[in-house]
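Novice: Chain residues, written in single-letter form:
Number of protein chains: 2
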Amino acid sequence: MNQEHLKEDLIIIKISGNIIDDEARLENFLKELAAVKGNKILVHGGGVMATQLAKELGIEQKMIEGRRITDKDTLKIVTMVYAGYINKKIVALLQANQSNAMGLTGADGNSIKAHKRKNANLDYGFAGDVDEVNVELFQQLLGNNIMPVIAPITHDGQGQLLNTNADTVAQEIARSLSKNFNVQLVYIFEKPGVLHDAEDESTVIANLHYSYYQQLKIKGLIFAGMIPKLDNAFAALNSGVQKITIGSANNLSLVLEGKAGTTILKDE
Amino acid sequence: MNQEHLKEDLIIIKISGNIIDDEARLENFLKELAAVKGNKILVHGGGVMATQLAKELGIEQKMIEGRRITDKDTLKIVTMVYAGYINKKIVALLQANQSNAMGLTGADGNSIKAHKRKNANLDYGFAGDVDEVNVELFQQLLGNNIMPVIAPITHDGQGQLLNTNADTVAQEIARSLSKNFNVQLVYIFEKPGVLHDAEDESTVIANLHYSYYQQLKIKGLIFAGMIPKLDNAFAALNSGVQKITIGSANNLSLVLEGKAGTTILKDE
Numbered sequence: 001m002n003q004e005h006l007k008e009d010l011i012i013i014k015i016s017g018n019i020i021d022d023e024a025r026l027e028n029f030l031k032e033l034a035a036v037k038g039n040k041i042l043v044h045g046g047g048v049m050a051t052q053l054a055k056e057l058g059i060e061q062k063m064i065e066g067r068r069i070t071d072k073d074t075l076k077i078v079t080m081v082y083a084g085y086i087n088k089k090i091v092a093l094l095q096a097n098q099s100n101a102m103g104l105t106g107a108d109g110n111s112i113k114a115h116k117r118k119n120a121n122l123d124y125g126f127a128g129d130v131d132e133v134n135v136e137l138f139q140q141l142l143g144n145n146i147m148p149v150i151a152p153i154t155h156d157g158q159g160q161l162l163n164t165n166a167d168t169v170a171q172e173i174a175r176s177l178s179k180n181f182n183v184q185l186v187y188i189f190e191k192p193g194v195l196h197d198a199e200d201e202s203t204v205i206a207n208l209h210y211s212y213y214q215q216l217k218i219k220g221l222i223f224a225g226m227i228p229k230l231d232n233a234f235a236a237l238n239s240g241v242q243k244i245t246i247g248s249a250n251n252l253s254l255v256l257e258g259k260a261g262t263t264i265l266k267d268e
Numbered sequence: 001m002n003q004e005h006l007k008e009d010l011i012i013i014k015i016s017g018n019i020i021d022d023e024a025r026l027e028n029f030l031k032e033l034a035a036v037k038g039n040k041i042l043v044h045g046g047g048v049m050a051t052q053l054a055k056e057l058g059i060e061q062k063m064i065e066g067r068r069i070t071d072k073d074t075l076k077i078v079t080m081v082y083a084g085y086i087n088k089k090i091v092a093l094l095q096a097n098q099s100n101a102m103g104l105t106g107a108d109g110n111s112i113k114a115h116k117r118k119n120a121n122l123d124y125g126f127a128g129d130v131d132e133v134n135v136e137l138f139q140q141l142l143g144n145n146i147m148p149v150i151a152p153i154t155h156d157g158q159g160q161l162l163n164t165n166a167d168t169v170a171q172e173i174a175r176s177l178s179k180n181f182n183v184q185l186v187y188i189f190e191k192p193g194v195l196h197d198a199e200d201e202s203t204v205i206a207n208l209h210y211s212y213y214q215q216l217k218i219k220g221l222i223f224a225g226m227i228p229k230l231d232n233a234f235a236a237l238n239s240g241v242q243k244i245t246i247g248s249a250n251n252l253s254l255v256l257e258g259k260a261g262t263t264i265l266k267d268e
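Line by line, the protein sequences give chains A and B.
For the first sequence, the positions run 1 to 268 when the working numbering is used.
For the second sequence, the positions run 1 to 268 when the working numbering is used.
If you're looking for bench data, these hints aren't it; they were derived computationally from the structure.
A hint or two may mislead.
Each pair may be met inside one copy or between any two copies, as identical chains are not told apart.
Stated by the list, open to error - Straight-line Cα separation of at most 27 Å, DSS-like style, residue types lysine-lysine; simulated pairs:
no., residue 1, residue 2
1, 55, 72
2, 113, 62
3, 179, 191
4, 7, 266
5, 31, 113
6, 116, 31
7, 217, 116
8, 7, 217
9, 31, 72
10, 219, 55
11, 191, 118
My request is simple: use the sequences and hints to build the entire structure.
Specialist: Here's what the structure looks like:
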């Protein structure tokens with residue numbers, strides 16, 4: 001008998017900032033998510049609010065190679081916006097849809113431990129790279145029919161909060177929990193899936209195998225912003241995650257069933 | 001056999017804003033709290049940061065009879081500051097002291113349900129009065145050796161977050177959990193206890209009985225700011241909470257043992 005069949009299913013959904021910024025879309029998405037049965041974990045990104053708040057407060061945002069450098073003031077802002085405003089807004093909306101959500105950062109219940117990123121050439125500030133996901137805690141919460149809602153803030157166990165990429169958080173949770181669950185990792189963003197032509201939403205690639213992805217990358221046919229997401233997705237697939245899908249917030253249930261969006265596949 | 005003896009002990013501690021604003025004091029206090037054994041819940045207030053942030057963002061703070069009126073922008077700010085910045089800072093510091101803390105608002109796990117305060121004469125805005133504490137959730141968390149750390153934000157179950165007085169939150173949790181635990185409710189603030197003379201910290205009233213409190217109140221010998229706190233404390237005592245103490249952050253263990261601070265007592 002296959003061990004995989006004894007495991008319960010778990011859906012881990014990462015939503016990107018664009019959905020968070022669009023109030024009506026977020027509400028519709030959370031309503032649909034609340035209706036999905038079974039074990040679920042939601043991971044959310046940031047959206048424009050942190051940048052706007054920093055601007056209003058006159059805090060300069062340092063970007064290096066497309067990454068935000070998290071200095072002390074920026075960490076304060078992302079903690080307020082991600083773990084405070086956005087996380088609690090999402091949790092309250094899920095509760096309104098009879099879904100028993102609970103918002104967590106990596107510090108809460110020691111759910112995700114990380115270390116401050118070290119780089120000899122570049123100081124990323126308070127950016128965290130994940131060391132450990134607290135599998136037992138997630139199992140307890142899911143076992144009590146609670147849906148963890150994760151803000152992309154981790155901690156180092158020494159009292160320091162750290163800003164961590166939300167895609168990475170979702171992937172690390174998926175990887176760690178894949179030992180105990182059949183995990184489907186779902187990236188939800190503003191496009192209907194991975195597109196052949198970034199300008200044409202009808203060109204969704206339904207099934208994206210690793211070798212084909214490599215070809216598209218070499219030919220420059222993958223939009224730059226998608227590359228870290230897809231690299232992460234293939235890495236997760238190679239480390240135990242059973243299924244990965246990328247799709248739009250507008251039709252969550254179809255994406256979950258693999259009837260919309262892009263399914264990421266290992267080579268056969 | 002007395003039923004009370006079968007219950008486990010639970011300490012519920014409310015810390016006021018003054019302690020949160022003083023970084024070194026907060027760190028020392030949390031270190032001492034982490035060392036206290038057994039079931040614990042921490043409830044924290046707000047401090048000056050929300051007011052400062054509102055000022056920096058040019059959001060006018062409306063106060064009526066000493067109460068902050070929570071309009072939409074103010075709710076956003078207190079959610080960011082209380083549930084985001086302060087709550088996560090406290091949780092990370094407790095984790096650094098090997099105490100498995102988990103930060104929650106009333107929306108998280110539906111821990112505290114409230115309704116928007118109704119008043120025909122005065123619109124308090126998004127201020128919440130508590131309806132229900134989720135006893136089962138707190139029992140589960142405490143049973144898993146987790147210390148809940150509660151930010152004074154509740155929800156109405158319809159998707160609306162609400163700003164709620166932290167003293168009231170502590171009292172409502174204490175009252176609800178006193179059915180299942182022997183609850184000691186502890187208010188920690190900047191003074192060493194309830195004082196005979198507000199100017200002289202050596203005049204701590206060690207034991208404050210209800211009838212004596214009434215006398216002091218009539219004579220105008222209780223500092224105005226203490227009255228709601230003490231009224232709340234006596235109400236909690238009359239609704240099942242076993243023990244209430246008020247004391248300073250500087251000597252938590254002595255306050256917990258009743259060797260410092262003020263113990264609130266029913267009349268004999």
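Novice: So which hints don't hold here, by number, going up?
Specialist: Violated hints: 3, 7, 8, 10 and 11; rest satisfied.
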